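Chain by chain, the residues:
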Amino acid sequence: MVRVYVNGEAREFSSPLSLAQLITELDLPPARIAVELNRAVVRRNDWNTTELRDDDRIEIVHFVGGGQG
Amino acid sequence: MKEKVSSESLIIAGRVFNSRLIIGTGKYRSYEEMRAAHVASGAEMVTVAVRRVPLDRSSESFLDHLDPALQILPNTAGCYSAEDAVRTARLAREALQTDLIKLEVIGDQTTLFPDNEQTLEAARILVKEGFVVLPYFNDDLIMAKKLMDAGCAGIMPLAAPIGSGLGVQNPANLRIMREQLPDATIIVDAGVGTASDAAIAMELGADGDLMNTAIAEAVDPAKMGAAMKLAIQAGRLAYQAGRMPKRLYASASSPLQGVIK
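Chains A and B, in that order, are what the protein sequence lines are.
Position 50 (the first sequence) corresponds to 50 in the numbering used here; numbering is contiguous.
In the numbering used here, each residue's number is its place in the second sequence (first place is 1) plus 69.
Isolated chain A, as found in the complex (with noise of 0.2 Å):
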């Protein structure tokens, strides 16, 4: 089992899987958004090959309106 934090919420996975897994099983469309893998971010076309590891802490962000603050 592995056990990681994506957004600060704890996810647990049966069997091991890798970033682009995880961002499929989240369900995620996977254009324009990026995420960082413990504070370093993971460029896209690392993701199929980014295995993780139990207490992974995974953030995915993508953007809002916003202007100011």
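It is worth saying that the hints were derived from the structure and are not from the lab.
Accuracy of the hints is not assured; some may be wrong.
[Stated by the list, open to error] Here are the computed distance ranges between Cβ atoms for each label pair: (1) Lys197(B) to Gly8(A): 22 to 32 Å; (2) Glu25(A) to Asp153(B): 34 to 44 Å; (3) Asp27(A) to Ala138(B): 27 to 37 Å; (4) Pro16(A) to Val85(B): 25 to 35 Å; (5) Pro137(B) to Tyr5(A): 48 to 58 Å; (6) Thr24(A) to Asn87(B): 37 to 47 Å.
This structure is a prediction, so every number in the text was calculated from the model and none was measured.
Every residue gets a Cβ at the ideal spot worked out from N, C-alpha and C, and that includes glycine.
Given chain A's structure and the hints, the job is docking chain B onto it.
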């Protein structure tokens, strides 16, 4: 972005904009209202914020609601440390493939005043990493100099607290900044409330103005967008025209001779 380059273009790190108005994408009552305001304002660049994707529901991409012709300027709004701002900028670059970043490091939740020290630290790191950095900061000349020395493409002093609509609170500071840094690209960021506020910022010599709430919270955002467009143009023209000196007493415009007795 149009190809034409004139003395009236705003140029940021080689990118040419024919509008000196940059606007935000927050606080609008609907996407339609936002789009109408964007069109009416004539702005060619809009700023967007970076946030965690919600995991509990599918979310459409906010960017789909923006005219694809607009240059997107991601910002680090909501960051309270240099480290978080740098991380946010890196994520924005990865997602949008743009080096542009409006750097914001906030120091306090009540005032949303910038943390100048953290801003400078983040600016130095981001410039080193190849970003085109546009930092929001207090309207302070010394800080402006440090940010320029750090390699920022432009500087974004506040006119007043974010979302306050108070207008330019310290015109002398903006004027001094303009006079002391004639080559800097100065874009007033935050605090204008209505068209005259934007005109004043431009009359003081700002190269541009970034605003959000003044347009988004107007009763009719599209109309306010149009008003801001004209105000920015009027203020810019007035700055270039060179205003008359202020005098305490009257100075007649009509000849003193030839008045009937």
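Cross-check of the supplied hints:
no.: 1; hint: Lys197(B) to Gly8(A): 22 to 32 Å; verdict: 29 Å, holds
no.: 2; hint: Glu25(A) to Asp153(B): 34 to 44 Å; verdict: 27 Å, violated
no.: 3; hint: Asp27(A) to Ala138(B): 27 to 37 Å; verdict: 30 Å, holds
no.: 4; hint: Pro16(A) to Val85(B): 25 to 35 Å; verdict: 49 Å, violated
no.: 5; hint: Pro137(B) to Tyr5(A): 48 to 58 Å; verdict: 35 Å, violated
no.: 6; hint: Thr24(A) to Asn87(B): 37 to 47 Å; verdict: 42 Å, holds
Of the hints listed earlier, those the structure fails to meet are numbers 2, 4, 5, in rising order.
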